[in-house]
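If you read the protein sequences in the order shown, they are chains E and L.
Start counting the first sequence at 7; every next residue gets the next number (the working numbering).
Start counting the second sequence at 441; every next residue gets the next number (the working numbering).
None of these hints come from the bench; they were simulated from the model.
No experiment lies behind these values; they were computed from the predicted model shown.
Take these hints with a grain of salt, some might be off.
[Unchecked claim] Footprint (simulated), chain L over chain E, 3 or more residues, beta carbon under 8 Å: (1) 65 to 78; (2) 126 to 134; (3) 149 to 155; (4) 191 to 198; (5) 346 to 352; (6) 390 to 404.
By construction, the Cβ of each residue, glycine as well, lies at the ideal position given by its N, Cα and C atoms.
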Amino acid sequence: MGATISEKILAEHSGKDNLSPGEIILADVDFAFGNDITAPIAIEEFRKAGFKEVFDREKVTVIPDHFTPNKDIKSAGQCKFMREFAQEQKLENYFEVGRVGIEHVLLPEQGLVRPGMVVVGADSHTCTYGALGAFATGVGSTDLAAAMALGKLWFKVPESQKFSFEGKLQEHVSGKDLILYTIGEIGVSGSLYKAMEFTGPTISELSMDSRFSMSNMAIEAGGKAGLIEPDSKTEAFVKQATDKLFKIFKSDSDAEYCESFDYDASKIEPQVSFPHLPENTKPVSEVGYVPIDQSVIGSCTNGRMEDLKEAASIMKGKQVASGVRCIILPGTQKIHKECMNSGIAQIFVEAGAVFSTPTCGPCLGGHMGVLAEGEKAISTTNRNFVGRMGSPKSEVYLSNPAVAAASAIAGKIVHPEEVVE
Amino acid sequence: MTYKGKAFKFGDNIDTDAIIPARYLNTSNYTELAAHCMEDADSEFIKKVSKGDIIVGGENFGCGSSREHAPIAIKHAGVSCVIATSFARIFFRNSINMGLPLFESREASKAIESGDEVEVNPDTGEIKNISKNESYKAKPLPEFIQGIIDAGGLLAWAKKEGK
Ligand code: SF4
């Protein structure tokens, strides 16, 4: 019996020849991190337990990205506490505001997470790095404290599900739509405790940026990880980021999956997920009339270069509808710079949008675009729970960057075709 | 030891934003977090809950973010344990790691209603509904996880491992 990519990576990291789903193992962790919300608790726990040093200064980091640049005195305190820990521990990969980015965009860009690694982050969207063929999963602060101290953590080997996509994508359809569509099909607990594997000819054709968007939202189906087998695109991506080594694992053709799904990707339209669960998806043509107050383009799901290029191509020479706030957040400082240098930032600003520095900001209702009671937003983020972007009486609709950009121009949710003629 | 209290019933997919909204995450002060526990699911919850009370959810309880603030808020609001049909996995890990007991039981999650007086025996997994005079069974925890609880939580366990 063959093994899946998850089983192979976990076996190698726990010194076993093979593993079966359900087994509980203690595995080596190659990279562990937290952010300005989760790391302070982890650091307190780490100290309370009497640990003095992290297991490896290169393999642990803390990332100020959620409420940064500090939104208020309390969050400034959280960041200061974390920064002092980074200094005390001499963490090699600490990025300060002005050089930092949203963790899940930043770490792959910097080559700190690579194929074949076991990565834990005290943030649920750590599953993003599955797009590189790493076993990456979100944990809590106490887990992070233990991983920082030991360089090891316990895992239950997950069952794997296979999602195969075939067919050419329609225009304005990206990885985001494939994952929203999948979540719409299987529901927000469809992959509970399981590793999702995305495969098939359509996935091979996808850009790395689009693959990251897909793996990013595995957690919205309850998944423990969202993996894509590394190929030449993955290798090229990692090699331009770093000269550090990495190892490629692939699922065997006779590996065991608890479930398999086959989707015809050519039939998938841009998707819109209605409040208040990511599974409430509809093709954009069936949305009906939904006027919006705000459009947010960015986040760890869709704040990469391809996303912003797509948004800019739609907004170029047009104006954001009156009464609509359009807020655009690049994923990292590097992407921010590229937008400046390529004239993309100019397009956004000329269109009447806000072009911010990298931050999570409005994605979690933190700052930089919090919604008032009764307001509606279209957003390229990943969650539309009650109160996610502000008032518990506001509404968030999830989409890809093309739909969010077109909707900002139209003042209501529309198919990008209605704006670009 | 058993956990005994009044049940507060919630539906499926109660997410971490409902348990503790992100707008309160600029602090890691446990008392402040507890004051907003379940606020976006039931804004009156914190006024009604008393020490020992039990939260009962449906499928996928605790889905969403990895914030440990969610089980922290629940625990420090005085809730003794949570019963649900299933839990989101990060929420499950976090709760175990910090000592908030969780019990998976479809039967119990279906039958228990808000206000029922409930008693849970963690050793046998028996859940008694005193108000309805019924009893349900929860899945026992895997041995490894019980070991973490017995050690006094993940860090106490890690301390031993690290030696
Ligand atoms: S962008 Fe949103 S989902 Fe991603 S890490 Fe930040 S808050 Fe979390």
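Exercise. Checked against the structure, which of the hints given earlier come out wrong?
Worked result: Hint 5 contradicted; others consistent.
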